[in-house]
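Take a look at the letters that make up each chain.
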Amino acid sequence: MTKMKMNRRMLLGTGIAASAMTLATPGLLRASSFPDRNMKVYIPTREGGGADRNFRAFSSVWKTKLGVDFEPGFYPGASGRVGYEIYMGKAEPDAYNLIFGNMGPEVLNWAVQAPSFDVEDYFYFGRVDTDPGCAFVGAESSLQSIEDIIAEGKKRTLTVGTSRMAHPASIGILALGEATGASFNLIPLSGGKNTVAGAVTGEVDFSVLTSGSVIAAGDSVKTVLVFGENKVGEALDNAQNINDAFDLDLPEMLSSRAFGIHKAAADNHPDRFEKLVETFNATFEDPALMESYVAANGTPEYLNNGGVEECAQFVKDMLELGNRYKPLLTGA
Amino acid sequence: MGETASLLATVFLETISFWWVIIPTIFLGLIVGGIPGFSAANTIIILMPLTLAMDLQTGLIFMVSLYCAARMGAGIPAILVNIPGTAGAAATPLDGYPMTKQGRGQQALAISFVASSLGGLLTTMIALAAMPILARVGFYMHSVEMIVVMLFGISLIASIAAQDMLKGLIAGFSGLMLGAIGTDVVYATPRGTMGFLELYDGVPLIPALVGLFAVSEAFIIIEKRVILTKQGQKAMENPSWAATFEGVKDALSRWTHIGWTSVIGLVIGVIPGAGASIASFVAYQQSRTFSKTPEKYGTGHIEGLVAPESANNGVTSGTLVPLLVLGIPGGATAAIMLVVMQYHGVSFGPSLFQQEPEVGYGMFMAMAVSYLLMILTIIPLSRYMSRVTTVPTIYLAPMIISFTLVGAFVPREYMFDMYLALAFGVIGYIARRTGYHVAAILIGVILGPLLETYFLRALKKSEGDMMVLFSSTLGNILWVALVVSLVLPAVLDWRRKKRELLSS
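Heads up: the protein sequence lines correspond to chains A and B, in order. This note's numbering applies: residue 1 is where the first sequence begins, and numbers increase by one. This note's numbering applies: residue 1 is where the second sequence begins, and numbers increase by one.
If we strip away everything but chain B, and leave its shape as in the complex, we get (with noise of 0.2 Å):
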């Protein structure tokens, strides 16, 4: 223990040492997580010449930290114009969005960015002192279990559909087919791809993300002509200190609620597989289940915010444990760390924390230095970034279409991709103008395949026997919380009017 606790000190002081690799990485993964189709992975890939040519300790430092900023990135654009930077950051404008159009952009900033960097170091310190716990979950967490874990993010489709139950379910309902596009999991046949091979792979997620998001609210900009309530413009015409202060309060008043949304956020991103746009949609629902004030959700609420940021960088935490634990990546940023840790000749797995137990603990050091210095770097950009919601729409609604197409077009290369996202933004602007909610489609568009993989898989397992299903008892319990989660907000909304009409 007091040997533990000695390396520790030393990795930490050490990581500290490394600032100036840290601090330009954080600026580097702030730009390329918020332009829209760029991540940390393929940051990763792009410049791995130059990170396996620097030695084992700078790369691994530089790889998680990147890491680290790019998912905060993310959530930039989507406050601030809508367009979520990566699938992770698809919950964020929910209500960073509506935040941003009242015109508290920088409180929306600042409060993204607590959420996301104590949320981040919080379950890094659990994961680091609970490595050997959480690698477990993967243990537990088979097909059966994630379909519910699926049920919890795709039941927020039902919450969208409460305000007007037929549309949320219709757009909801076409989310899961558009998300049914693409080839079978199990043999491989396609299905629904109007004989685009750019579907063969599903539906692309950043094409259908921007386009609903951001160029379905471009075209929205072009016929409204405003972003922000007159009240909104003043107010981000004239940045203030005061602003930003509000919304690091009023984030760390919640520290609560980013601490178990955080969790959430760590348990999903320890399951191989699993990712951060599942951990966002579930903290997300999750929140507005247990909130006093559901009905809030969605118009710009404070905790609809504070949720799918602590919970997105809880998972970028989890998916070390499994890489460093067992050797298996729990997500697309781990694996591409792993050939380059690899190319160091480092073995992950049972034996790491054995025969290097510098490099296993100097990660989590490295995430949570970077976190640290996040916020002492980024809190004060929020005054200046909050601006760009000032740009006259005439700019700023072309600049929106050329950049998310841009992005759409950057993680395949495909042309396709760029007429996708336009598809998708007609298609959103539509929605959008008729009433339907573009996220209970998207949340269909991203959640939709993943249910089916597990689904069909536990179907595959069970020889199509559906009471597998029920086989498990986590899983029963799981089904069990997704009906409480389900059934207590309407109990508790019936208990609420019953009480306001007898007091009346």
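The following block holds chain A by itself, in its conformation from the complex (with noise of 0.2 Å):
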């Protein structure tokens, strides 16, 4: 046997080697027992919203499978823009910090101006629900069907309560006063609660929201159009489709939360972008799912499993619909 002999040059590659072994270990098993720690989620929209009581529903569910628990934090203002803009310039890519936004509303957003951030370095991966935009009357309101509506909408303007201008239940009614000849002034209420409350009590002649929290405001309110299938019948009042009513051929207006990541946390990551979305996966899978959403007041009917390739989509039919009705949006 040869007697191996060591000299400086061996000693200093083995001892950089032997070090690199060890800092990087901790990383090698990290990556390996992915997630270690909790997930950070960032919400561009206040607490107790809709989004909130969504994200809790999945959540609670979401992560039994994946073995630790999801952090939320609340990031509102400009429309959601600073949510998204926090979580792209501050929150490391390292796939443990995630959004959870809205990808109708927010979307439209970048339609409508620009963010810092490029719009490709970030995707959403795992949608939640599809839920389309309605218009709504106060239970008190004199306007009690979409044809009352119209019919005044001749005569006057109508003032429409909306959470913010780029939505797309703002361009499901800007849309059916083009059709119909009737006169629609957008008023952005700041959030989903504000737009119920204004509808309600009147501030408006009535409101346009996605449908889902106008289900949850209950007996306060009549739905009278959806700018979409009404897959929940009475829930929404029996209010008919915008096209059926109006033989038109649009595009169907929906809200559609889900889950986004950062480009490079995906490419740098991919054993545990494999993991999330395995995970997200069979959190649809699981019956819980169903009862957590109904605990907490969400509509079944909208819960809807979308990967990557139907979010891309749906972004990319938001950016459409935004550049179409960009100039009634922002009132240039």
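Derived by calculation from the structure, the hints in this document are not laboratory data. Some hints could be false.
[What the hints assert, rightly or not] PhoX-like cross-link-like pairs, simulated, lysine-lysine; straight-line CA separation at most 20 Å:
| no. | chain 1 | residue 1 | chain 2 | residue 2 |
| --- | --- | --- | --- | --- |
| 1 | B | Lys460 | A | Lys326 |
| 2 | B | Lys101 | B | Lys230 |
| 3 | B | Lys460 | A | Lys155 |
| 4 | A | Lys275 | A | Lys40 |
| 5 | B | Lys101 | B | Lys234 |
[What the hints assert, rightly or not] Taking CB as the label site, the calculated pair distances span:
| no. | chain 1 | residue 1 | chain 2 | residue 2 | range |
| --- | --- | --- | --- | --- | --- |
| 6 | A | Phe117 | B | Phe416 | 16 to 26 Å |
| 7 | B | Thr58 | A | Pro300 | 20 to 30 Å |
| 8 | A | Arg37 | B | Phe416 | 17 to 27 Å |
The beta carbon of each residue, even a glycine, is placed where N, CA and C say it ideally should be.
Using the hints, put the two chains back together into the complex; each one sits in its own frame.
Dropping the structure here:
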């Protein structure tokens, strides 16, 4: 057996390799045991709203698949823009930081006003629900049907509450105005709760919003039109689909809540991303999700699993819609 | 009627039996309310897993007690060390802190506790009895009317400016300009954010609040090395039950004042979107307007402390009315309650009192019982709490700065907010040293964005027609009341001076 001699160069080389291994070990172990700490989720709206309710219902089941908890952080402001800017600008792209947004209104923002980051630098990978927008009146309103609204809107400009200008439901009502000749003036009321309150208290003639939030508002309001398929019937007062009621061919004006991630995180940590996708899909297969969703006063008919491709298509459609209606949404 | 009375009695007795939940929650609420940056809303969020695990009644009682106690707790540091725990307590230090500096901190705390508890209790009873009527307030108070309500609060700047018109108006105008920073409410276009993302949602209130009041106060303490006068120091070092009873007596003798200022809070509280900060400034302004001694406000005047404290506790019961009757939460805490209650399968709105009356009445009863128990448990503590001011300033000033900077960080978890609080501290310090009133700046920062929101909304509704401001009957009545409340003190002052001149 030949005796191996260790010279200075070999000693240094071995030392460096050993140090590198030692330093890299925790990282390697962490990668193999992802996740080893709680997930942080950026939510670009206020606590207590529809996104909060939806997030808690979904994450309460997802956490059992992933083995760690989800910690929400609420970053409202500027129609959701603040949350995205903070997520893209400050959150580490390590797959531990996710964003839970509404692909409808929040993506419309980018068409109306470009953000400071490249919109290609993040993508949605897990759609939780799709929820059509709707038009509704307060229970005590003198306008009790869409026919009343159209007739009145031909006589005078009606004020329409909306949670934000760039919202699919806002586009829905503007499209209806274009098709019928009725005149509508959108009034942004900052959030779903205020939009419901605006219609109930008569601050505006009627409001438009995602239908899930309108269902949650109970019998204080009455839905008169849905900007898509009415999958829930009586819960939305059997209101008609806009296309059926007015013989139109508009795309569905949907809100769609989904989890998003930095592109860099998915590219640099494919194993982590894969685990997120796998557990996300497993959550949808668990009957506990439906229970949790119903318990949170969600609308089970709107639960709708979608992956990267479905989300990308949705985003593309929204950007096209936003570009088409940009002058009306920006007051330009 | 008989059925409702019997139901109310049953719910009351049941709620009392939950004293073991209410009393610890009161202390928790006092702590979270007293720490700037914490509030009932974010505490309920943090404790949400616990709240969801509780049964419906226990969860409901826990949340309501926490809400009431946090509101009261926010006044404690405002009085003792000039740090309002929340924006709702921003008007409390105007007269509370001068009382402390005079060595009457113990009395000030007792006054605050009595005014808060009685104001809260009274408005809870009124809300319970007049819920259907109160729920209608939101149907009449729209953007135009709210513009006038905001102006009632903002007109306080003019009162402050009365001491030095130019400096007061400059301070108020600076506050309004600072309040205009952020994205506009219609098209979300950023204005004056200087590229800081953290300012997109406007100037955050807590850093502005603690910076202008507390950090600048700490700088003054470092400079002067004292908080209390020599006499005050002596009084605070030897606290006595007599001082507590004196405070209780002072507050009770002003029961009518507590009554009407808490009703201001109740009425503002039932308007969705309005809140305790508006109510406390409006109540303070009204209290000063109708006072026979308006010149004493800001110098440690008892009525100047009673008004904001009873008003902000009146808001607490007010916010529950639209939540329960219309299903619309009146404020952030009510919104969180809505989420928790929906988890328990409770549907709010007009049908609540038909389907689950015990839940609706139960929330008000929990509030009433909490206020009752607060009177018994908190007032005796004023004797011990007031000793905070006797801590040597060498320790107190750094404690105030570190404590408030953490408070500035907590609501949004941005380091930026800590730097912002320091920046506001420097602005506040310079303002104080040069005779500008920090309260005038703060009123602008707090009420300015709200005024702008209602103003832009009204203009958007009218498609730019300014005459919309005078388009509603109630709005016009409020305009007249505003003009009267601005002119009346000047007229009374003129008459008083004339009388004095004649008699001399």
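How the hints compare with the structure:
1. B:Lys460 / A:Lys326: Cα-Cα ~18 Å, so holds.
2. B:Lys101 / B:Lys230: With a Cα-Cα distance of about 10 Å, the restraint between lysine 101 (chain B) and lysine 230 (chain B) holds, given a limit of 20 Å.
3. B:Lys460 / A:Lys155: At roughly 19 Å apart (the allowed maximum being 20 Å), lysine 155 (chain A) and lysine 460 (chain B) satisfy the hint.
4. A:Lys275 / A:Lys40: 16 Å, holds
5. B:Lys101 / B:Lys234: 12 Å, holds
6. A:Phe117 / B:Phe416: 16 to 26 Å: Because 18 Å falls inside the window, the suggested range holds.
7. B:Thr58 / A:Pro300: 20 to 30 Å: This hint holds: roughly 28 Å between Cβ atoms.
8. A:Arg37 / B:Phe416: 17 to 27 Å: 24 Å, holds
The structure is consistent with each of the numbered hints, conforming to all of them.
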